[in-house]
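Visitor: Sequence:
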Amino acid sequence: MGLLDDAKETFGANTLYDVFGVEKTVAADRLKKAYRKKSLLCHPDKAKQGHKEEFTKKFQILCKCFEILQDNNKRKLYDETGSVDDDSFNADKDWEAYWRCLFPKITVNQIQEFIDKYHGSEEEREDLKRSYEKSKGDMNKIAEYLIGYDVYNEDRLCKLLYEMIDAGEITEYRAFTKESAASKRKRQKKYAREAKEAEQAGKSMNELALMIHQNDRKRLSEGEDFLAALEAKYATSKQKKTSGSKKK
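First residue of the sequence shown: 1, per this note's numbering; consecutive thereafter.
Since the hints were derived computationally from the structure, they do not count as laboratory data. Please note that the accuracy of each hint is not assured.
Pair ranges (Cβ atoms, derived) [stated by the list, open to error]:
(1) Asn72 x Glu113: 26 to 34 Å
(2) Glu133 x Lys189: 25 to 33 Å
(3) Gly21 x Leu160: 31 to 39 Å
(4) Ser121 x Glu53: 42 to 50 Å
(5) Asp87 x Gly21: 24 to 32 Å
(6) Ala27 x Arg100: 19 to 27 Å
(7) Lys24 x Gly50: 46 to 54 Å
(8) Glu194 x Tyr118: 15 to 23 Å
(9) Ala28 x Asp85: 18 to 26 Å
(10) Arg125 x Asp71: 32 to 40 Å
(11) Glu80 x Ala28: 15 to 23 Å
(12) Lys189 x Glu113: 23 to 31 Å
Positions of the beta carbon are idealized from the N, C-alpha and C atoms, including for glycine.
Required output: the full structure, derived from the provided sequences and hints.
Guide: Put into structure tokens, the structure is as follows:
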């Protein structure tokens with residue numbers, strides 16, 4: 001069978017876009033994010049005993065679909081004809097290596113370096129403002145939404161918010177300005193405990209678990225954007241090193 005038949009049989013998809021649950025007009029960055037989410041569910045490394053072959057097949061189909069759609073020329077041809085040149089795929093291609101090149105492993109140190117630069121930046125300020133308005137001033141929700149939040153940073157964040165309120169940049173919500181001391185203590189105790197657990201877990205925590213501790217779903221979309229930025233940074237560095245070594 002060809003790729004289109006495989007996509008239909010394996011994922012029940014009528015088009016390559018359906019495989020990733022996206023529209024035909026999807027932008028490249030959103031397509032890549034959808035590919036990452038889908039591929040994590042069937043990556044061969046995630047397979048339990050007896051399911052390796054099934055996961056590998058699904059993973060390879062996903063990679064082939066993405067390879068078509070991420071290439072402007074191949075995507076245009078597919079959009080115009082609705083067909084795929086199955087002979088264009090390298091039968092010996094290492095799809096896991098292809099995936100690792102797109103999504104390089106991000107270390108705990110790299111995440112910490114990123115967070116250190118993020119704290120105090122204009123980007124953090126805008127994210128904080130958005131989280132504040134989204135949560136209507138609820139600091140418990142802000143703590144869940146904001147990437148890089150930690151209990152020891154809260155006073156600084158609150159000071160920023162008060163400055164924005166005084167400047168008329170954001171709405172003054174009672175949930176923020178009148179928060180009870182008990183509510184604040186409960187939140188700080190919770191995140192202090194999580195910080196300690198994360199420190200104990202150390203290097204055993206993968207990058208997503210570190211940023212979205214205990215699978216906190218409310219941070220998921222923010223966490224993926226955060227990781228996408230890191231992956232783009234370190235994928236570029238990796239490619240530069242590779243091209244540099246070839247020139248020698």
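Visitor: Would you say the C-beta atoms of Gly21 and Leu160 sit inside 31 to 39 Å of each other?
Guide: Since Gly21 and Leu160 have Cβ atoms about 37 Å apart, the given range 31 to 39 Å holds.
Visitor: Is 15 to 23 Å right for how far apart the beta carbons of Glu194 and Tyr118 are?
Guide: 19 Å, holds
Visitor: Could you see if the CB distance from Arg125 to Asp71 stays within 32 to 40 Å?
Guide: 38 Å, holds
Visitor: For the hint 15 to 23 Å, verify it against the beta carbon of Glu80 and that of Ala28.
Guide: Taking Cβ atoms as reference, Glu80 and Ala28 lie about 18 Å apart, which means the hint holds.
Visitor: When you take the CB atoms of Lys189 and Glu113, is the distance between them in 23 to 31 Å?
Guide: 28 Å, holds
Visitor: Using the beta carbons of Ala28 and Asp85, state whether their distance is inside 18 to 26 Å or not.
Guide: 21 Å, holds
Visitor: Using the Cβ atoms, figure out if Lys24 sits within 46 to 54 Å of Gly50.
Guide: 37 Å, violated
Visitor: Can you tell me whether the CB distance of Asn72 to Glu113 sits inside 26 to 34 Å?
Guide: 33 Å, holds
Visitor: Measuring from beta carbon to beta carbon, are Asp87 and Gly21 in 24 to 32 Å?
Guide: Given a distance of about 28 Å, which is inside 24 to 32 Å, the answer is holds.
Visitor: Using the Cβ atoms, figure out if Ala27 sits within 19 to 27 Å of Arg100.
Guide: Check passed, 23 Å falls within 19 to 27 Å.
Visitor: Given the range 42 to 50 Å, decide if the beta-carbon distance of Ser121 to Glu53 lies inside it.
Guide: Holds: the Cβ-Cβ distance is about 46 Å, inside 42 to 50 Å.
Visitor: Do the beta carbons of Glu133 and Lys189 sit within 25 to 33 Å of each other?
Guide: 26 Å, holds
The structure fails to meet hint 7 from the earlier list, while all remaining hints are met.
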